[in-house]
Each structure stands twice: as C-alpha cells, then as structure tokens.
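These protein sequence lines map, in sequence, to chains A and B. Residue numbers for the first sequence follow the working numbering, so the first one is 1 and each next one is one higher. Residue numbers for the second sequence follow the working numbering, so the first one is 1 and each next one is one higher.
Please note that the accuracy of each hint is not assured.
Straight-line Cα separation of at most 30 Å, BS3-like style, residue types lysine-lysine; simulated pairs [claimed, not checked]:
id : chain 1 : residue 1 : chain 2 : residue 2
1  : B       : K57       : A       : K284
2  : A       : K107      : B       : K57
3  : A       : K276      : B       : K187
4  : A       : K112      : B       : K409
5  : B       : K139      : A       : K107
6  : B       : K187      : A       : K107
7  : B       : K386      : B       : K375
8  : A       : K112      : A       : K54
9  : B       : K369      : B       : K386
10 : A       : K112      : B       : K139
11 : A       : K284      : A       : K260
12 : B       : K371      : B       : K386
13 : A       : K107      : B       : K175
14 : B       : K409      : B       : K375
15 : B       : K102      : B       : K386
16 : B       : K282      : B       : K102
17 : A       : K204      : A       : K218
18 : A       : K182      : B       : K287
19 : A       : K112      : B       : K386
20 : A       : K54       : B       : K287
21 : A       : K260      : B       : K175
22 : B       : K369      : B       : K102
Under 7 Å between C-beta atoms, here's a sample of chain A residues computed to sit facing chain B [what the hints assert, rightly or not]:
id : residue
23 : Q25
24 : A69
25 : S72
26 : S137
27 : F138
28 : S141
29 : N144
30 : Y146
31 : E270
By construction, these hints were calculated from the structure, which means they are not laboratory data. We treat Cβ as the ideally placed atom computed from N, Cα and C, and that holds for glycine.
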Amino acid sequence: MENVIIPQTQHLNRIYARLFAARPQSMAIIGDRQMGKSTLLSQIADSEVFRNYKPENLNPLFFRYNIQATGSDWQKLLHQVCSDLASATGSELMSQDYYHELQELIKQHQDKHNFYLLFDDFELLTQNPQVPLEFYSFLRSLANSYMIAYITSSRASLQTLCVSRDICESPFFNIFTNLELKGFSAAETAELAARMAPQADAEKCQSVCAGLPGLTIKWLSQSAHDLQEFVAAESQYLQDLLEQFDPDTRQVLHSAAQGKAIPQPHRFIEETLRRKGYLTPSGKIASAALELHLQSAEPKETKGLFKRLFKK
Amino acid sequence: MQNEQVINIGLLQLKGKLEPVNIYGLVWDASNPDLGKRYLERQKQTLPASETPKPAKINISGLPELEEKELKPQGQPSNPFLNRSAITQSDYFCGREVLIHKIYSRLSAVRPQSISLYGERRIGKSSLLNQLGSYCLRKRFLQDMQHNIFINIDIQSMRSATVEHFIETLYDGIKSCFSGNLSFDLKPTYHDFTRLVTELCEAGFALIIMFDEFDLITLNPNFDVEFYSWLRNLASHQRLAFVTSSFSQLQQLCATKKISDSPFFNIFTAYYVGPFSPEEVKTMIDKLLELSLTDLSFDRWLPEITDKAGYLPFFIQIYCSNLFDLYSSQPSPAEVEAAFLEEAADHFEHICRNFSDMEQECIQLILAKRKLPAKLDSTLQALLRKGYVTQSEAGVRLFSRTFEGYYQKRESSLKPKSLWSKLWKT
C-alpha cells in the first residue's frame, strides 16, 4: 500500500497540528492490519507533504524506523537513532553511552530543529521482554524536556500491548494522543476511485469493502467487479483479516453475518467493531465481501458442548 | 596534654566511601615527641607529595541575566489544549495558585525549606515543578532572583543511575544555569559537590534543586543511607532546598526500611497535588483559549466539560482539545464525548486497573446509589481527594459521566461468562 496515494487529509491535519504545536506532541497511530498505518507514517515524514503544514520558521527533522525490519533490539535501535541524528546534524558521537549521546544531540540542536522519531510496529518493542523500563522512561524524559516527539504505529493501543505490568504502567504512554485509523468514508473512497480506477463504481466499492483500505485497493485494482469472484479470489486475504482478531471478536463477526443476536457480555466487542467500521450502526457486517466470506467460512474455534461449558 | 599534636597519617580507602578518607592521629604522649615525627615520616612514605589532592579551582562570575522566554503561538489559530507531556511554557500553565504561594513562602525563606509534592499520575506534578523555576514566578516571589539557582533534574532519565552519575548530573545542571559563567574541575564525589555548594552559598547564592519522579531514586539500590544523610547534611548546613515530586509520600516509596527510616525525609513539607477547583477549570480554559488566537468561548460548554471530564486537568485538556477541533462543525455533546472517549479510554483503563479492592467496592456502591458502610469512609475520602469521585448537594458520583459509562461496560465485560454465553458459541 506504500505507493498508493490514500486521501488521509483529515488525519494529517490532526497529526501536524500536534507535531508542529508550540511544543511538539507525540501521537500513537492505531489500526488493524491493512488500515494504512505505514502509509500514513511515510506520508508524515514526507517533506512534500509536511511543507504544506509546517510553520515557516520551523525546521523539522523526521527519522523513521520500521521495528519489524530493524528488529526489536533496543540497543541497536538507540545506536541507529543516535547515528542518524548525528549524521543529520553534522555531529559526531563521542561515546557509546547512547542515552547520553542522544540527549546531548537533541539538547545541542533543538534551537535549530524539532526532532520527530517515527516507529512503525512499535508494539514489537513493548512486547519484547529485553527492553528495559528505563528505555521508556528515558524517551518520556526527552519529550518532557526537549523539542522532540514520537509517532508510533501499532495494531492496538500501546498500553494493551505491553510485555509486563511495569511497562504497561509506565507514564511514557501518557504523552501520546491516540489516533485510530478506520475505514474510508464514502467520499474518500470516491476520491480514491477517481484516482485509481475512474471507470469503477465508487458506491459499489464502498458497499463491497466498507472503506477497509486494503480491501478497497484490491477491489479497485481488479478489472472485473463481481462480488462472488472477488470473494473467491481474495478468500485468503479475507481470512487473514479475520485471523488478526481474538476468538470472541471472530465469534461476534460470525454471529453478525448469520443474523444472530449478540449476548450482553459481548456487546462491548460489538460496539468496538461498530466504531471501527466492521459493523453498521444496526449491527450488520458493513462489507459485503467480508459478509459473504464469513457466511461461507465456519468459525475455527468451535468447541464441543462439554468444552464450552467447562473450559474457560 | 600540653604537647598533644594532630598529625595526618594518610589516605585510606574505606568501605562504603566513594573516595579515600584522610586519617588523622592525635599524639598524646608528651614525653615522647619522636612518636609524632615517626608518624609523619610514615605519612611521607605512603603518600607522595605529588599525590596530595590539590583543591580544585572553582570560578564563579555570577548568573547570566535571566530573561523571560515565551513560546506563544504566532500566525494561524491553533489548538491550545494539546499538551500531553509536562508543560514547560509558563503561558500554558494554569491554576495551582494557592499551592504555589505555599511553596514559595518556603523557598523564599532566608534558609529555603525543602518540599515534597505528591499526587496521582497525570495530575500535573511535573508541570508544576517546571513552572516553579520559571522566570515569572521567580520574579513574583523572590527578592533577588539573580541569586537563586533552580536546577530541575528528571530522575526518569537516570533510572538505574549511580551516585557518581547523579552528582555529575547535578554539576551539569548547575553549569547550565550559569551558561559558562561558572567553571570548575570537580570529581563526582560527596566531598567535591559539598565544596561547590559551599562556595556558591558563600558567593551569596541559594540553590533549589528539583527532582521529578524522586521515587525512582528511593527505589534504586545504588543509593544507600549514606547518600540520604549527605543530602540532609547539605540541606541542613547550606542555603539549599530540595523540591521533589512523586506519586506517593516519599517514605512509603523506599527500597528498604533502613532508607525509609532516614532522617532525610524529615526535612520535607509534603503537599498533595489534587484536582482543580471549579474556578481553576474556568481560568484554565479561558487562558488557553486566549492563546489559540481565536475568539472562541467555551462558557456554554463548561457544565458539559466538567460533567464529562471532571476537575482533572489532564482530562479537561483532552475534552477541550476535541471540542476545539470539532467546534467549527457545531458538534453535539455526544459527538464531542465520543471523540473524548476515544482518546481518554486508555487512561480510564489505567485508572480502573489501579483501583484497590476497597476503592472498587466503594465505586460500585456509588454507582448503585447505595449507602456506603462506615468501613469505606476513609476510602471515599481518598477517592474524593484524588478527584475520582466528586461530592455535591446531590450526593457523591464518579468524576466523569464518560468514565462512569466506561467503568460499567468494563465491569460487565469482565464478569465471568454465563452458561448461556458459553452455549451461544455455536
């Protein structure tokens, strides 16, 4: 999805308002798989994009790290960040105490630049037991004292994706404003369709894909627009989309596809799915493609009567 | 004892001390004057003249002229409610007037007195600490602000630090206050730091050293009882005071009982940082809106703001930032609440997770509008103090209707699954 221009103007307005505030503020971009998190991160750091938003006197420096690619070795990451900052500011690293070096680099250059560190798939760090609590404390301390902000992307809120209670309780997570990515609105889908496939029926695209970014792009990329064929061709993609959810959420989706009532204890999940755009306000599956796939696929986690009654 | 002599025997490295200690001997045998000479000979052998420590030089040429720094937004209107990290700009800091008066009455004393600030997370302790050293407060409260040095140390950045690292950080802090007008070549030792403080005080300066998240030091095993005795000694004998922030009273946050029993903790006056008053909420909103370069007024929204965000400044900022973003589309209260909840949910979750069993019991009774038993009186008082429960003529309620809804949904989702729910999975 990296090369596809996705209309995310409303997100960019919100993000840059925070990044380019008198004191830069950190953001956590949250979204399910294929929601466009990485695309948004690359747009944020793109000078062609941010020059339209930045105040004239501001000189931002963006550094982007994909934790999946760089690995979740925090020491290497810290070293990499130090090297990149040193190179961008024409400085030299004086020691291997990278906490100290990073702090000094920012302290020395914050009059000229605001620093922005972008971390894609940040949950790979928060879920790594090797990353010490002091790493997060250090990052918060930098953000509290200097002109630096972080932009992270993760599949859920960072505090819910921590390896231990200590990490989860870290005040580091307080400094973030969450931005949850949801499906495209009808207008955004129409705008994307006009750019990608002018001959496509944008309304049909919205009803088939419910604005789910990855699915929308797949629909617009194909030449024939038959729902049955599309679902058959993309069944693995749709299954992968479902696999990201926990069993209870999958169960709610299956029930919604079969028109069954959702019991009270799962209403919480139903509401979340509605908020994310997987369900319509009336509780039906919002995407016709996903609905068809759910109707044809059996829930994998079905247990026998005995297991259901006596196992947690 | 007329012929008694004090002689320096030499330097010895003692266990528990960071640097060698000078050992002195008292020669009391007046009939044997050679005894002293023999000791002096021995000292010459063990401590060559070249190794005798020379007093390090300290050059002080005064604090640079303090200037007011402003970071007011310029140009386009912008959302002034975006601060989620500690507030560093004075313009964006609001409220806490009573507390600031109390604190400064102690800091501005001839011999400044130490203060410990404690309170819940996200209540604004770090922002208050940042503000204490600000130009405008120093100008308001201090007679001679050019002779008061404020050093702000964030302990978060030195979580597993040693005493040496701690003292080096203090040196850096002091040097940066003087911006090049102070030079010294001192070792990171108790002795050398004490010397620096002594010289600064003799030059007419008072030092206020602020430690954010000081509990991280009290929980750090690298800092032993001797460290706290040294800090106490500094505060007792010099014009120096500490201001600390922590989420609970310092003595409750010590790594060992030995440390918590240290008399160091007696030097502090403890102040609780709690929720805002209704007046502070209004002042904060009005003051920040002035910085937005718009002519917006949230007066009409004020009851809605306190109903949904309570009197906790962090949540008021979140609510108002969303209201500000949506304002041009004339949103309904439900739309603003939905946006507020999206951002506040993680913080609500953190609050819920940290309620004690007694607090949970108390909250459930409040939500059920049932009378609280006497055994929960102190729990209720603690919740009121933290700002998670508010009291009015209508009775007690949770601080925010949005939080109330979140709490109830969370409770129902955490309830053990019913038989029907288990059977439902077809």
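Going down the list of hints, with the structure as the test:
no.: 1; hint: B:K57 with A:K284; in the structure: violated, 78 Å
no.: 2; hint: A:K107 with B:K57; in the structure: holds, 27 Å
no.: 3; hint: A:K276 with B:K187; in the structure: violated, 58 Å
no.: 4; hint: A:K112 with B:K409; in the structure: violated, 48 Å
no.: 5; hint: B:K139 with A:K107; in the structure: holds, 26 Å
no.: 6; hint: B:K187 with A:K107; in the structure: holds, 23 Å
no.: 7; hint: B:K386 with B:K375; in the structure: holds, 19 Å
no.: 8; hint: A:K112 with A:K54; in the structure: holds, 14 Å
no.: 9; hint: B:K369 with B:K386; in the structure: holds, 20 Å
no.: 10; hint: A:K112 with B:K139; in the structure: holds, 28 Å
no.: 11; hint: A:K284 with A:K260; in the structure: holds, 10 Å
no.: 12; hint: B:K371 with B:K386; in the structure: holds, 21 Å
no.: 13; hint: A:K107 with B:K175; in the structure: holds, 14 Å
no.: 14; hint: B:K409 with B:K375; in the structure: holds, 27 Å
no.: 15; hint: B:K102 with B:K386; in the structure: holds, 20 Å
no.: 16; hint: B:K282 with B:K102; in the structure: holds, 22 Å
no.: 17; hint: A:K204 with A:K218; in the structure: holds, 13 Å
no.: 18; hint: A:K182 with B:K287; in the structure: violated, 34 Å
no.: 19; hint: A:K112 with B:K386; in the structure: violated, 41 Å
no.: 20; hint: A:K54 with B:K287; in the structure: holds, 25 Å
no.: 21; hint: A:K260 with B:K175; in the structure: violated, 70 Å
no.: 22; hint: B:K369 with B:K102; in the structure: violated, 38 Å
no.: 23; hint: Q25; in the structure: holds, 5 Å
no.: 24; hint: A69; in the structure: violated, 27 Å
no.: 25; hint: S72; in the structure: violated, 20 Å
no.: 26; hint: S137; in the structure: holds, 4 Å
no.: 27; hint: F138; in the structure: holds, 5 Å
no.: 28; hint: S141; in the structure: holds, 4 Å
no.: 29; hint: N144; in the structure: holds, 4 Å
no.: 30; hint: Y146; in the structure: violated, 9 Å
no.: 31; hint: E270; in the structure: violated, 11 Å
In the structure shown, a violation is registered for the earlier hints numbered 1, 3, 4, 18, 19, 21, 22, 24, 25, 30 and 31, in ascending order.
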